[in-house]
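Q: Protein chains in written order, with my numbering: chain A, 1 to 246; chain B, 1001 to 1066.
Keep in mind the hints are simulated off the structure, nothing from the lab. Each hint should be verified, as a subset may be incorrect.
What the hints assert, rightly or not - Label pairs and their in silico Cβ distance ranges:
hint	chain 1	residue 1	chain 2	residue 2	range
1	B	1052	A	111	40 to 48 Å
2	B	1003	A	46	19 to 27 Å
3	A	214	B	1053	21 to 29 Å
What the hints assert, rightly or not - Below are the DSS-like pairs computed for lysine-lysine, each with C-alpha atoms no more than 25 Å apart in a straight line:
hint	chain 1	residue 1	chain 2	residue 2
4	A	238	B	1065
5	A	132	A	177
6	B	1065	A	94
Ideal placement from N, C-alpha and C gives every residue a C-beta, glycine not left out.
Each chain is listed here by its residues.
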Amino acid sequence: MGTAFLLLSVFLACAVEAVEALTIVLAVGLTRGWRSALQGVAAGLLLLAVVVAALGPALTVLPLKALRLVVGGLLLTFGLQWLRKAILRASGYKDLRDEAAAYQREVKAAREAAASKKSLVEDWYAFTLSFKGVVLEGLEVAFIALTFGANQRDIPLAAVAAVAAVLAVCVAGVAVKAPLARVPENTMKFAVGVMLTGFGLFWGAEGAGAHWPGNDAALPLVLAYILLVAVGAVWVLKRRRAAWAS
Amino acid sequence: MGKLKAFGLFWYDFVIGDDPLVAVLVIAALAGTAALSTHTTASWWLLPVIVTLALAATLARAVRKK
Chain A
1 MGTAFLLLSV
11 FLACAVEAVE
21 ALTIVLAVGL
31 TRGWRSALQG
41 VAAGLLLLAV
51 VVAALGPALT
61 VLPLKALRLV
71 VGGLLLTFGL
81 QWLRKAILRA
91 SGYKDLRDEA
101 AAYQREVKAA
111 REAAASKKSL
121 VEDWYAFTLS
131 FKGVVLEGLE
141 VAFIALTFGA
151 NQRDIPLAAV
161 AAVAAVLAVC
171 VAGVAVKAPL
181 ARVPENTMKF
191 AVGVMLTGFG
201 LFWGAEGAGA
211 HWPGNDAALP
221 LVLAYILLVA
231 VGAVWVLKRR
241 RAAWAS
Chain B
1001 MGKLKAFGLF
1011 WYDFVIGDDP
1021 LVAVLVIAAL
1031 AGTAALSTHT
1041 TASWWLLPVI
1051 VTLALAATLA
1061 RAVRKK
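Okay, chain B solo, but in the shape it has when bound (with noise of 0.2 Å):
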């Protein structure tokens, strides 16, 4: 169970890493990004606003860290 938990953690860190705000964000973008994109082609602009308030989303939170 042990050596099980550190591969789930291993792999959690590598993907998710410190901030899991960043995951969850990137996942509703797609998921707005594809939702958009059903009604309209013009769909591309989603992603990199979020993705802007995603940075500065993280980078507040470490920065309120230190």
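If we strip away everything but chain A, and leave its shape as in the complex, we get (with noise of 0.2 Å):
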């Protein structure tokens, strides 16, 4: 049960942030060239595996009750964030997420910048902006699969899961050569947010001393409570934001 949470969790996560790196990439390389673009691309994953190198074997010599007291709180305030951000998409309170407004947006900025070489670098906007879009995306999936994989003690399958999302998303975005639009990316934030709170919530509360009833099988409780939680938030801010327009 654990795992196929773990594997679901770090899949739908790592999906979206490859779907909003991807964009970027895209954008720059289609507009720019790729030869720059793909150099960024490179420099961000090199950067990526020097931290998850560095942290992934620090995280699990940790005592397993600290671990999940400090991974269980940032994992909380962390998908509380994207919870809130879901709920607020959801009821209407924040413009939905849409790949191919910001496609567009970084097409448009990508043709009014100016190029200049850099040491190997030939067209410098477009390295440092595909360099960017890997690594912040990337460090919201390297948080996600190390955090999730260190506290089930099995960082292989979340980097597995993380891996798959990221070559999933690849491959259609090269097989469709535009912003991958049609992923319900929205529907799939609200469903992350709900699983790294839950996940949170779970483990925090077990770093914290508490002893869940029913131990394990307390956790699909745990996410069920959150998604009721999140789905009643969104119905009363609808409500709330109807009976303000009437």
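Dock chain one against chain two, each of which comes alone in its own frame, and use the hints as you go.
A: Below is the structure:
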């Protein structure tokens, strides 16, 4: 049960982040050429590999209780941010994420920016934009995969789910040569927010010394509770918005 | 100094995000659960209650800004 939730959570979270990184890299690569854009991707992946190689082993030597307390707290803080944004989007208080519009904004900016050469990089703008896109979105992927994997004492499994998600998104992006606007990104973000918060709640409580009734069997109920609260919040906010408009 | 500040701001934004109240309530909830766990094994309920209140509070603050 725990393994299935781990795989699903990491895969969904990483797929969402990969879609956003792909939008940036595609816009830069198709507008300004692939050489510098791919150099930026390679440099970003190298930096992420260093971060994962440094943090991964460090997390696994921590005692499980301390790890769950720290990681549970971080996941809760992180997950509640995701959930707040997802609830605001679902209830109409925040614009839905639109990959096609984000792509057009990136293309416009890429066309207007001047090119400048720096050492081995022909187009510094294309390099830095791709690099930043990969690193910023990739850090979230690395954070989620490492924390979930370390808590379940199975970082390799979490890494497999993360790599599978990134590869699936890359293959789809190369196939359509366009941003993946048809991916139900907002729904996926809602699901990821529920999972991050649910796992953070479960592990955080265990790390703080609490014992869940039924032990690991309580995890699906915790996730269901968070989902219920989130759906309820959307319902309340939608009604409030409708009442405000009328 | 500018780069150091930007580095710090990036990590603050990455972990804490738009509403620091959430992080404060999460830390308080974990501390409360740890304190309660020293007296009883049935301390699991405290975190879900405070997390629910934290979500409601942060949503209310976000909606008020709109």
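Q: None of the hints should be skipped; say for each whether it holds.
A: Comparing the hints with the structure gives:
{"no.": "1", "hint": "B/1052 x A/111: 40 to 48 Å", "in the structure": "47 Å, holds"}
{"no.": "2", "hint": "B/1003 x A/46: 19 to 27 Å", "in the structure": "20 Å, holds"}
{"no.": "3", "hint": "A/214 x B/1053: 21 to 29 Å", "in the structure": "24 Å, holds"}
{"no.": "4", "hint": "A/238 x B/1065", "in the structure": "16 Å, holds"}
{"no.": "5", "hint": "A/132 x A/177", "in the structure": "21 Å, holds"}
{"no.": "6", "hint": "B/1065 x A/94", "in the structure": "11 Å, holds"}
Consistency with the previously given hints is maintained throughout, with no hint failing.
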